[in-house]
Every structure is written in structure tokens, then in C-alpha cells.
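**Student:** Got chain A; can you put chain B on it based on the hints?
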Amino acid sequence: MRSLRSLTTPYLVWMVILILIPGLFILLATLSTFHIFNEYTFRFTTTHLRFLSDEIFIEALQNSLKYAGITTVICFLIGYPVAHFFAKMQSRSKTLFVALLIVPIWSNMIVRIIAWENMFKPVSILNLFGLSFDLIGTDIAIVLAMVSMYLPFMIFPIYSVLLKMDESLIEASRDLGANRFQTFFRITFPLSLGGVISGVIMTLLPAMTAFALPKRIGGDGMLLLGVVIEEQIFRGSFNIASTVSFIVMLMMLTAFALIIRVDKEGETLL
Amino acid sequence: MRKHIGLQVAQVLFAVLTYFIIYLPILIIFLISIHGSRFTFESFDFTTRWYTGIVQDRDLMQAIMVTLQIALISTFVSTIFGTVFAIGIHSMTKAMRLKMMMLNNVPVVNPDIVTGIMLFIIFRFVRLSFGFPTMLLAHIFFSIPFVILSVLPKLKSLDPNLFDAALDLGATRLKAVFLVIVPSIKVGMLAGALIAFTMSIDDFIISYFMKSGDFHNVSTLIYARLRRRAISPEVFAYNSLIVLVTVAVMITFNILNRKDKRKVVLK
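For the record, the sequence lines run as chains A and B.
Residue numbering for the first sequence follows my numbering, starting at 1 and increasing by one per position.
Residue numbering for the second sequence follows my numbering, starting at 1 and increasing by one per position.
Excised from the complex, chain A in its bound form (with noise of 0.2 Å):
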């Protein structure tokens, strides 16, 4: 089959330039004046790296990682114990299961988003079951409509890699006198860690640049890293909203390097 090894050059050259030459393009407005919407004359700075001590970016950083790391771990405890029912489950049914974790997802983000919004007034569509909330700008209507929209992507790459796994090990861990607490904590979890990183990172990073979940949950003045992206971007200020991008790209690249060591070719991101 070699010869259709040059079957991935197009994808070579359209990576390349939708990928590592705008990436390039964030790391040099970063370090200096390069700029795509103005004239500029071009020379290195470190002006735009003084944002990140800025209070405006650190109230983001932190409220990114508050709420983000949050949600991340009420996802994993909620969402590990329901992909592996899911993934031992006996029934003929279960992809039909899993598939219902997909349906919300068609439903538009936006939609759900206005939805959760309108749950947490005070004057809703709850009021027709006699409920009334006023929870818009508190801490526990951002994280609920976070894991609302982030728990499905938790659950699926653990539920995928569950499924997979040979089930003799545990079968063979129970044979040699393990109980269950210790097929589960020695064999079946350690065995699990790529899928539980996959959606980790595809639960964390979403979380940390969402910027329409927070301005509309998050009441008047909530920032977050993708919030400030976004308006710094159409303010003009592309070489800040450049500085802030590359921090959260630095971030991603981490992630990426923690889940080549467990996954090398991605199949848990699926």
C-alpha cells in the first residue's frame, strides 16, 4: 500500500497553512508589533506581554481556571461511573444509550445556553411548575450549565476505551483473589487513565475559553480567558487577544504532550 503514502501531501500542505503558519503569526503579535489589521512597523516588544499581569488578565485566568476545574471534576466523578455502566452493560440496548448522550449535543449551544439562562431568572418558564430562580452571576449557575454542556464529552472517550478493554484482565484479577474495590483500583482504572485524560482535556479546555457561556450565565462583567480573546479580538487589539491565544495555546500543548504519552495516534479523542 506504500503507494498511496502521497495521498497525505494536500494534507500536509493544508495543515501547514491553516495551522502552523497562523500559529506562528500568534507567536510573533505576541513578541512583537506585527499586526494583520493595521499598518505597522515591524519590531520585537515585550508591551503585549505586560497584559498578562494585567488585573484584567489574571481575574480571567483565575475565573477560568475556578470554574473550568469545577466542572472538570464533578464530569469526571458523575461521568466515569456512567460510562462504565454504559460500557459493561449487558443489554442489547446500550448504544442506543450512549447515542442519547449525543442528541443534546445536536441541539444548538446557543439555544441551550439562552435556555439555562432563562431558568436561572426569576421570571421563567419554570414559574409554570411554581419554581422561580435568581441564580444569574452566582457560582452555581455557571458550573451547572458548564457540566450540562460538557458532560457528554467526558463520558464518551472513557465510555470508548471501557468498551475496549479485555475483559479476561478482570476476570483473571478476580480469579487470583482480588476483590472488586481492587480489580477496580489496580486494574480496571490504571487501564482506563487514557480515556480519563481524553476527557479531561476535552472537558477543561472547552470549559476555560468559553466566552458566550459566561457572558450570558455569568451576569455583567464575568470574565474568562475566552471572553477576554473575544473582545479584545474585535476591539482591534489583535496583538493582546494574540497574547492571551498563545497562553491558552501553551496550555493545549501541554494537554496534547500528557496525552501522546497514553494515546499516541488520538483514538480516545473520538
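Taking lysine-lysine and the DSS-like style, the derived pairs with C-alpha atoms no more than 30 Å apart in a straight line are:
1) 154(B) <-> 94(B)
2) 99(B) <-> 156(B)
3) 94(A) <-> 154(B)
4) 88(A) <-> 154(B)
5) 94(B) <-> 164(A)
6) 164(A) <-> 156(B)
7) 164(A) <-> 186(B)
In short, the hints are calculated from the structure, not lab data.
**Tutor:** Leaving out everything else, chain B in the frame of chain A:
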């Protein structure tokens, strides 16, 4: 193996909680879409006028057309190219394949907002005019890696000698790909296409960076209206229709699938 009742109950409860928390907004959207008033919720007032209203909302109709066109074209294009690239990647040496897959997985892990900005920068740099073409390119771009990820495992379970055998027996390379490789990776291609379609129809963040002026897909239109506080339940009606159609398709597939399996058993 003996089942532990307590653990079983806890798992079922967690599964129920999961469905509850991810379906709650869907139910709320549905309720709003059949409730007659936009501002008062004291008593339920059943209506279908938001559903009939979809057709009269010209901007929304246009955005729906854009969304569907982009979803269909980008799914088609990315499934074909993704499959071709996957076949190429599969035929590489292991070291090359790993490097290529690393590059492939960057957009998968990359947060949407950064991908959006990257595409925005490069399209702006080469002076593409923003709107339909850039949005389509962007959707093709983020779909291809997922198609490759779903086709590659199927290629791995394919006997590599089959392709060479086909060539030995006189098939052209194109013929060999279509007659030997494609039939065995159909399922992966279909799964990839489904993921591509799902991602495209729901995408907001990347599309947001590709918009220009009055050109919108459904997500960016809703977001723009939200800013002007002009959100009307028609979008909830549209959203509920999409979900209903999806569920119906999925359940039909599941039933057909079961019937197929039963037939196999009977034989």
C-alpha cells in the same frame, strides 16, 4: 459474577442524573417553543405559532439554509478528503504516521476559540472575503481530523495484502481503493460523516469568527439577536424540530439494526 446491588443502584442514579442535566435545557427549549407568551409564565398557553412562524422569519430561514448547506457540503467534502488522507496516513511508516496524527489531532484538542482566531488570521492575511466561503472552509477544516480519526481504526483491521493482491490481479490503484478498501471502511466513513455533520450544524465559536455583516448561520444569528435582545421563540421551535428529527432517526436506526441482527441469528 455476583453483582453488588448498592453499586448498581448508584450507577443507575448517576446515569439518570446525567440524562437529567443534559436534557433539562432541551425540555425547557421545547416548553418555551409551545408556550404562547414570550414574557409571562403564569399559566400555560399552548400554541404552535412559533413553529409556523419559522417560515415567516426571513432572516432565520436564510440562516437555516446557510447552516444546512454548509453542514451538507462540509460533511460531503470532509468525508471524502478525510478518507483519502486516512488511507494515505495508514500507508505510512509508523514513525511518519505518528507525526502526521499529532498534527491531525491539534485542531481536535485546540479550543474552538483559538482555532477560530487562527483561521480568521490566515483568511484575513490572504484576503479571502469573509462569509459563505470562509465559513465553509472552516467547517471542512475542523471536520476532516474527526473523519480521519474514525476511518483510521477501520483501516487498521484491514488486511494490507488485499490491496496489493488487487493490484497484482490487474486492478488500477483507483479501482483497488474503491473495490477493496472502501467497502471495508464504510462504517468508519459513515461515523465520520455523522460526527462532521453534528459538529457543523451546532458550531458557534468558529463560525462566529467567519461571519461578516449580515451573513449568519443559525448560531451566529441567534447570538447577534441576543445582543439586540430580540430573541424570539421561533429559534426554540427550530431547535426542537432538529432534536425531534434526530431522535426519530436514531431510534429508527436502532430498530432496523436489531432486526438485521435477528435475521443473522435466524440464518
